[in-house]
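Required output: the full structure, derived from the provided sequences and hints.
These are the residues of each chain, in order.
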Amino acid sequence: MTRIDSSPRPVRRRQPGAGGRAAAIFLAPFFTLFVATMLAPIAYAVYLSFFAEKSSGLGFGGTQTIFVGLGNYASVLASETFTGGLVRLGMYCLMYIPVMVGMALALALLLDVAANGARKLFQLLLFLPHAVPGVIAALIWIYLYTPSISPIVQAAASGGIEINFFDAHLVLPAIVNVSVWEWTGYNVIILFTALQAVPREVIEAAVMDGASGLRTAFSVKLPLIYPALGVIMLFTIIGTLQLFTEPTMMHNATASVTSTFVPNMWAYDAAFNRHNLNEAAASSIIIALLAATLSFVVTKMTSRSNKG
Amino acid sequence: MSTVLDPTTTAAAPSGRALPPSPRPRRLPRASTISVNGLLVVGCAYMVLPLLWLVFASTKNLEDLYSTSAMAFGEISLFENIGAVFAEGNGVFGLWMLNSILYAGVGAVLGALISVAAGYAFDKFSFPGKEKWYSFVLLGVLVPNTATVLPLYLLASNIGMTNNIWSVLIPALTNPFGVYLARVYSQAYVPGEVLEAARVDGAGPIRSFFSLGLPMIMPGFVTIALFQFVGIWNNFMLPLVMLSNEKLFPVSLGIFSWSSQAYAFPHFYPMVITGSMLSILPLLVAFIMLQRFWKSGLTAGSVK
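Those protein sequence lines, which keep their order, are chains A and B.
Under the working numbering, the first residue of the first sequence carries the number 1, and numbering increases by one thereafter.
Under the working numbering, the first residue of the second sequence carries the number 309, and numbering increases by one thereafter.
Errors might be hidden in some of the hints.
Far from chain B, by Cβ distances over 10 Å, these chain A residues were calculated [to be verified]: (1) 69; (2) 70; (3) 87; (4) 90; (5) 95; (6) 101; (7) 173; (8) 252.
Derived DSBU-like pairs (lysine-lysine); straight-line CA-CA distance at most 35 Å [as the list claims (entries may be wrong)]: (9) B:438 x B:603; (10) B:555 x A:300; (11) A:300 x B:603; (12) B:603 x B:440; (13) A:120 x B:603; (14) A:300 x B:440.
I should point out that these hints are in silico values taken from the structure, not numbers from a laboratory.
We treat Cβ as the ideally placed atom computed from N, Cα and C, and that holds for glycine.
The following block contains the structure:
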């Protein structure tokens with residue numbers, strides 16, 4: 001029954017003789033779906049992205065599909081609305097990531113020293129927004145930004161401050177706020193769980209040595225939860241590239257958010273409003289490549305800092 | 309809550325409530341405790357107040373929505389609003405809720421089963437090229453969902469598969485992160501010795517998965533299913549591109565279409581608000597009931 005494993009480190013076979021075939025039965029459903037819903041669509045999009053529809057001279061006779069190589073990629077990247085969306089997404093990341101991660105970290109550290117009884121309630125309340133769909137979260141905040149309904153705008157106005165969240169300069173921070181509201185609590189729980197795993201003796205030793213609460217938090221606890229911070233950074237970056245729902249909702253509410261506000265909206269607009277499926281495909285591939293590159297870089301960075 | 313406070317701090321202690329001196333400071337001095345709890349209360353208020361606003365707003369009619377204070381009741385029209393929500397478009401809202409339950413429910417149970425089977429196989433079987441196959445799974449985790457939605461639509465429309473239940477249900481079953489979680493859970497919950505014993509007793513791998521592995525991994529199964537349920541319930545872009553028949557909409561897409569109309573027809577506002585409130589209730593209840601499971605899912609997800 002024993003077989004020699006080809007890998008250098010011998011692995012103990014738990015199901016001798018059944019290994020490959022049994023594994024295939026268990027893995028087949030997942031990999032079938034994986035191919036059908038992820039690989040095949042991406043491959044098809046790559047294929048589409050190399051062609052263009054050209055209407056023949058006089059308008060009758062329909063359209064002609066011609067091979068344009070990387071032409072669609074060139075025209076997507078040359079489009080000012082697409083690059084504008086990329087820049088905007090970059091600005092969104094620069095605001096969203098520090099604010100959200102900073103808030104999540106602060107709340108997790110506070111939760112770690114809060115009284116036992118209150119913790120459970122705090123955790124639940126902080127996590128609640130995550131149960132709210134993006135569409136509804138965006139709607140709630142849009143109403144909270146709308147001057148005629150908003151208690152925030154009205155309160156500010158009675159204090160003599162005029163805020164218009166739909167102003168071209170404020171609309172991006174307004175979207176950032178919706179995302180921060182949706183995701184902070186989720187990340188608080190991850191960081192808090194990591195903090196709970198920090199050995200209590202380490203913290204008590206720091207306290208005995210006279211370290212203040214703040215000092216303990218930043219010099220003792222924080223370095224010990226770097227791996228968890230790395231994980232949430234990774235998922236946050238993947239998440240920000242998905243940005244679509246919130247700005248799409250905002251687009252309905254205000255002209256400050258254009259129909260091509262972020263790259264995902266640009267791709268959607270290309271497919272459904274401009275009916276240019278080839279450019280839509282090319283822009284989707286650009287977004288996917290960007291996401292894969294960024295995730296790869298962040299994974300490398302976090303795994304290196306974990307070793308160090 | 310404040311009984312563990314240390315009385316030796318300089319912060320003014322309320323007179324007449326002498327606490328026994330503790331041997332050494334265990335937690336925080338009183339001033340810090342107040343600021344810790346104060347900051348946490350502020351954080352929670354930020355999370356809860358918008359939801360509270362939704363609850364208040366859903367009790368108001370269109371007129372009161374504009375004229376009354378945000379955190380106060382006007383004339384209570386909650387039941388009129390709920391009635392209007394369910395009456396609009398021949399009861400299409402009820403259909404949307406049922407669709408969401410169908411998509412998210414079936415997707416969660418079936419998707420979790422597929423993920424758990426794969427994660428279990430990666431943990432318990434050895435086969436050639438295992439880690440190479442697994443790296444495909446991790447690649448799937450890293451590609452954002454929305455990046456595949458449009459390609460998925462392009463492919464589906466090419467083969468005439470859009471605008472039906474399958475176009476939103478099948479893609480939702482693919483959950484690489486669930487496979488990753490399942491592998492972690494399988495390592496933690498299913499001891500190899502048990503499967504070994506089952507094998508000696510003559511049970512095949514499929515039988516021992518369903519009668520031993522799956523029951524043991526059940527907490528992990530519930531967690532994966534819960535997260536997938538939320539993911540599908542909250543998904544917006546996939547149904548938006550795939551579905552044009554209003555009768556197939558999940559509730560979030562339905563509310564989106566109402567909210568788009570509200571800008572032209574203000575009488576939709578109370579329906580959008582009340583409908584939003586009704587649509588998040590099931591998830592809020594599920595989360596409050598299943599706290600243990602989502603916490604465990606987040607913990608397992610952050611183990612590297």
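Hint-by-hint comparison with the structure:
1. 69: With a cut-off of 10 Å, residue 69 of chain A remains clear of chain B, as the shortest Cβ separation is near 19 Å.
2. 70: Correct as stated: the minimum Cβ-Cβ distance to chain B is 17 Å, above 10 Å.
3. 87: holds, 19 Å
4. 90: At about 16 Å from chain B, residue 90 of chain A clears the 10 Å cut-off, so the statement holds.
5. 95: holds, 17 Å
6. 101: The assertion about residue 101 of chain A holds, with a minimum of 14 Å to chain B.
7. 173: holds, 15 Å
8. 252: Its Cβ does come within 10 Å of chain B, the nearest being 5 Å, so this is violated.
9. B:438 x B:603: holds, 30 Å
10. B:555 x A:300: violated, 46 Å
11. A:300 x B:603: At roughly 27 Å apart (the allowed maximum being 35 Å), residue 603 of chain B and residue 300 of chain A satisfy the hint.
12. B:603 x B:440: The given pair, whose Cα atoms are some 30 Å apart, holds under the 35 Å limit.
13. A:120 x B:603: holds, 11 Å
14. A:300 x B:440: Holds. Residue 300 of chain A to residue 440 of chain B sits at ~18 Å (cutoff 35 Å).
Hints 8 and 10 from the earlier list are contradicted by this structure; the remaining hints agree with it.
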